[in-house]
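Colleague: The primary structure of each chain is shown beneath.
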Amino acid sequence: MTTADRAHVVDLASTRLRQLNQALHQLRPDTNETLWRIANPRGRHSVAVGIDAPIAIEIDGHVGYYCAGMNKHATVVVNGNAGVGVAENIMSGTVHVKGDASQSAGATGCGGRLIIDGNASARCGISMKGVDILVKGGVGHMSAFMAQAGTLVVLGDAGESLGDSIYEARLYVRGKVASLGADCIEKPMTDHHKAKLARKLAAGGMTGVDLGRFRRYGSARRLYHFHVDNVY
Amino acid sequence: MCGIVGLFLKDPKLEPELGSLMAGMLGVLCDRGPDSAGFAVFGPGAAGTTKLTVRGPKGTDFGAVARRLSDALGIQIPAIGRDTHGVLSLPAAREAEARAALTRIAPEIAVVGAGRRMELYKEVGRPDLVATRFGLERMQGTHGIGHTRMATESAVTTDGAHPFTTGLDQCLVHNGSLSNHNAVRRELLREGLEFATDNDSEVAAGYLTARMHKGASLKQALTDALTDLDGFYTFVVGTESGFGVLRDPIACKPAVMAETDRYVAFGSEYRALVDLPDIGNARIWEPEPATVYFWERPN
Numbered sequence: 022m023t024t025a026d027r028a029h030v031v032d033l034a035s036t037r038l039r040q041l042n043q044a045l046h047q048l049r050p051d052t053n054e055t056l057w058r059i060a061n062p063r064g065r066h067s068v069a070v071g072i073d074a075p076i077a078i079e080i081d082g083h084v085g086y087y088c089a090g091m092n093k094h095a096t097v098v099v100n101g102n103a104g105v106g107v108a109e110n111i112m113s114g115t116v117h118v119k120g121d122a123s124q125s126a127g128a129t130g131c132g133g134r135l136i137i138d139g140n141a142s143a144r145c146g147i148s149m150k151g152v153d154i155l156v157k158g159g160v161g162h163m164s165a166f167m168a169q170a171g172t173l174v175v176l177g178d179a180g181e182s183l184g185d186s187i188y189e190a191r192l193y194v195r196g197k198v199a200s201l202g203a204d205c206i207e208k209p210m211t212d213h214h215k216a217k218l219a220r221k222l223a224a225g226g227m228t229g230v231d232l233g234r235f236r237r238y239g240s241a242r243r244l245y246h247f248h249v250d251n252v253y
Numbered sequence: 150m151c152g153i154v155g156l157f158l159k160d161p162k163l164e165p166e167l168g169s170l171m172a173g174m175l176g177v178l179c180d181r182g183p184d185s186a187g188f189a190v191f192g193p194g195a196a197g198t199t200k201l202t203v204r205g206p207k208g209t210d211f212g213a214v215a216r217r218l219s220d221a222l223g224i225q226i227p228a229i230g231r232d233t234h235g236v237l238s239l240p241a242a243r244e245a246e247a248r249a250a251l252t253r254i255a256p257e258i259a260v261v262g263a264g265r266r267m268e269l270y271k272e273v274g275r276p277d278l279v280a281t282r283f284g285l286e287r288m289q290g291t292h293g294i295g296h297t298r299m300a301t302e303s304a305v306t307t308d309g310a311h312p313f314t315t316g317l318d319q320c321l322v323h324n325g326s327l328s329n330h331n332a333v334r335r336e337l338l339r340e341g342l343e344f345a346t347d348n349d350s351e352v353a354a355g356y357l358t359a360r361m362h363k364g365a366s367l368k369q370a371l372t373d374a375l376t377d378l379d380g381f382y383t384f385v386v387g388t389e390s391g392f393g394v395l396r397d398p399i400a401c402k403p404a405v406m407a408e409t410d411r412y413v414a415f416g417s418e419y420r421a422l423v424d425l426p427d428i429g430n431a432r433i434w435e436p437e438p439a440t441v442y443f444w445e446r447p448n
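Protein chains in written order, with the working numbering: chain A, 22 to 253; chain B, 150 to 448.
To be clear, the hints were calculated from the coordinates, so they are not data collected in a lab.
Every residue, glycine too, gets a C-beta built ideally from N, C-alpha and C.
No false leads were mixed into what you were given.
Have a look at the derived ranges for each label pair, beta carbon to beta carbon:
(1) A/Lys197 / B/Arg446: 33 to 41 Å
(2) A/Ala216 / B/Ala439: 36 to 44 Å
(3) A/Lys197 / B/Ser326: 27 to 35 Å
Derived DSSO-like pairs: lysine-lysine, alpha-carbon spacing no greater than 30 Å straight-line:
(4) B/Lys368 / B/Lys162
(5) A/Lys197 / B/Lys368
(6) A/Lys119 / B/Lys159
(7) A/Lys221 / A/Lys208
(8) B/Lys368 / B/Lys402
(9) B/Lys159 / B/Lys402
(10) B/Lys402 / A/Lys197
(11) A/Lys157 / A/Lys221
(12) A/Lys221 / A/Lys119
(13) A/Lys157 / B/Lys402
(14) A/Lys221 / A/Lys93
(15) A/Lys119 / A/Lys215
(16) A/Lys157 / A/Lys197
(17) A/Lys119 / B/Lys402
(18) B/Lys368 / B/Lys159
(19) A/Lys93 / B/Lys402
Same shape as in the complex, but just chain A (with noise of 0.2 Å):
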C-alpha cells in the first residue's frame, strides 16, 4: 500500500477551508488519520494551521499567508510556494517549503524545524524563540531581526541587517552577508559550532555540506542593558 493509499485527500476546489482546519483541529494525539493530502489551496491563507497532533500533511500547490502556523507535533509539506508567516509561531514539529517562502517565514517560532528549500524574503526568522530555521536558498533583509533563541541557517546570501537587535539565537550563513543590524556581530566558526551545524543540516536532511565555507553571526550583547550614552 502507497502513502498515496492510505493518505486522508482533502481537496480545497470542493471543501471548505474551515473545514478542513476544524478537521484537523480534532484530531487526538492517538488519531489514525496520520496522512493528509491537501490538493488546489490555490494560494488560500491559514491551510493547516494551529495543528496539536502528530501528523503528516502534504499541500499540493502554492498557499498563502501562515500556512501551517502554530503548528505542533505535525509535518507539513508544502509542494509549492509559500505566502507570508509560514510556520508563524511554530511550536514543534517540521514545516518544510519545497519552493520559496514569502516575508517573515518562521516568525516567533518557538520550537520545531523549518526548512525552506528555495529562497525566503524579508525577515525571515523575526524575533525566533527556538525554532529551527534551514533557508537553502538566501534570505532577505532584516532577517532575524530581535531573533531570541534558535538557529538561522541560510546556504545562500543574507540581505541588509541580518540579524538587527538580536539577543541569542545562532546564525550561520554559507554564503555573502550585505550587511549586519545593530548589535549583530559576527563570532569565530569553532569545532563545536561546526558540530552543531551539522546536526542541524542533517536533521534538515543535509550532509556534505562543506562547514569550512559558513560563518558564523550572534549577538554582541551591548544592548542587554541601559546604557547612558544611548540616551538622545
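Dock chain B against chain A, hints included.
Modeller: Frame of chain A; chain B shown alone:
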C-alpha cells in the same frame, strides 16, 4: 491594506481576454480593498488621436456631452459611455482646447485620464461590482493595472479611488501609506499642481507628474521617489507600453509576480493570479525592495 493587480500580455492572442482576466484578478482582491476600485486598460489607439476618459454624475448622457463638445470645437467627437464614465476620442492637437471647453459647457464633467491608448475607470463600491458596472470583462488590450481600495488616509470617494493619472497614457496605483504626503503636497502646490483630495496616493501621482515635467523619465522619477517619499508603498505604474513596479526599501506591502511566455502579472497576493492561463508553470517571484522594474513592449 488595498490590493493591486497588473497584467502585461506578451502573446497578442490573449488580448481579447485582457479585461476578463483582470476582472477575475480584481474580484479576488475584494477583501483587500472593499471600499472602491479602479483600473486602467491600454487598448487600441490611433496615432494623432487622444482618448479622454471623463466622469459625470450618475445618468450622464455622454453622447450628449460629446455632441456639445463637437459643436464647441467644430469637429465630430465620438463617445462611448460606460456607467459614470465616458471616453471621448478627439484629435490630440485639440486636447487642451477640449478640456477648456468641457469646463465651460459641462462643468459637471471631470477628466480622469487621457492618452492615445489608456482608458481609466474608478468608482466607489465593491471591486467586483465596480468592474461589472464598467464592463471590464469585455475590454480588450495589451495590458492594464487595477486597484482595490481600503481607505486609510482619506475619505472613500470616487476621486480618492485609484488609479491616479500622472500624464498622458500614464497612471499610478498605490498600496501603503505615505507619512510625508502633506509636506510633499505643500511643495507641489507651490509649483502649481492641483489636488482634488487629501489622498496620499494622489500626492505620489502628483510627485511623479512634477518630476517628469522637469524632464525626468518615469524610471528616474520613480527612483527619485525612493528619496523623497517617506512611508510604505508598493507602486504600480501603467504606461502606454507596459507597467512598472516599485516597492519601498522596507517592503512591508506584499507583491508577487508571475511570468510565462504569454504574460507578466502582478498581484498583491498569489491568490489573485491563480486563474491566469498555465499559472502552474509560471515563474513566480517577489520584486525586490527599492528596485524599479519595468515590463514594456518594444515600440
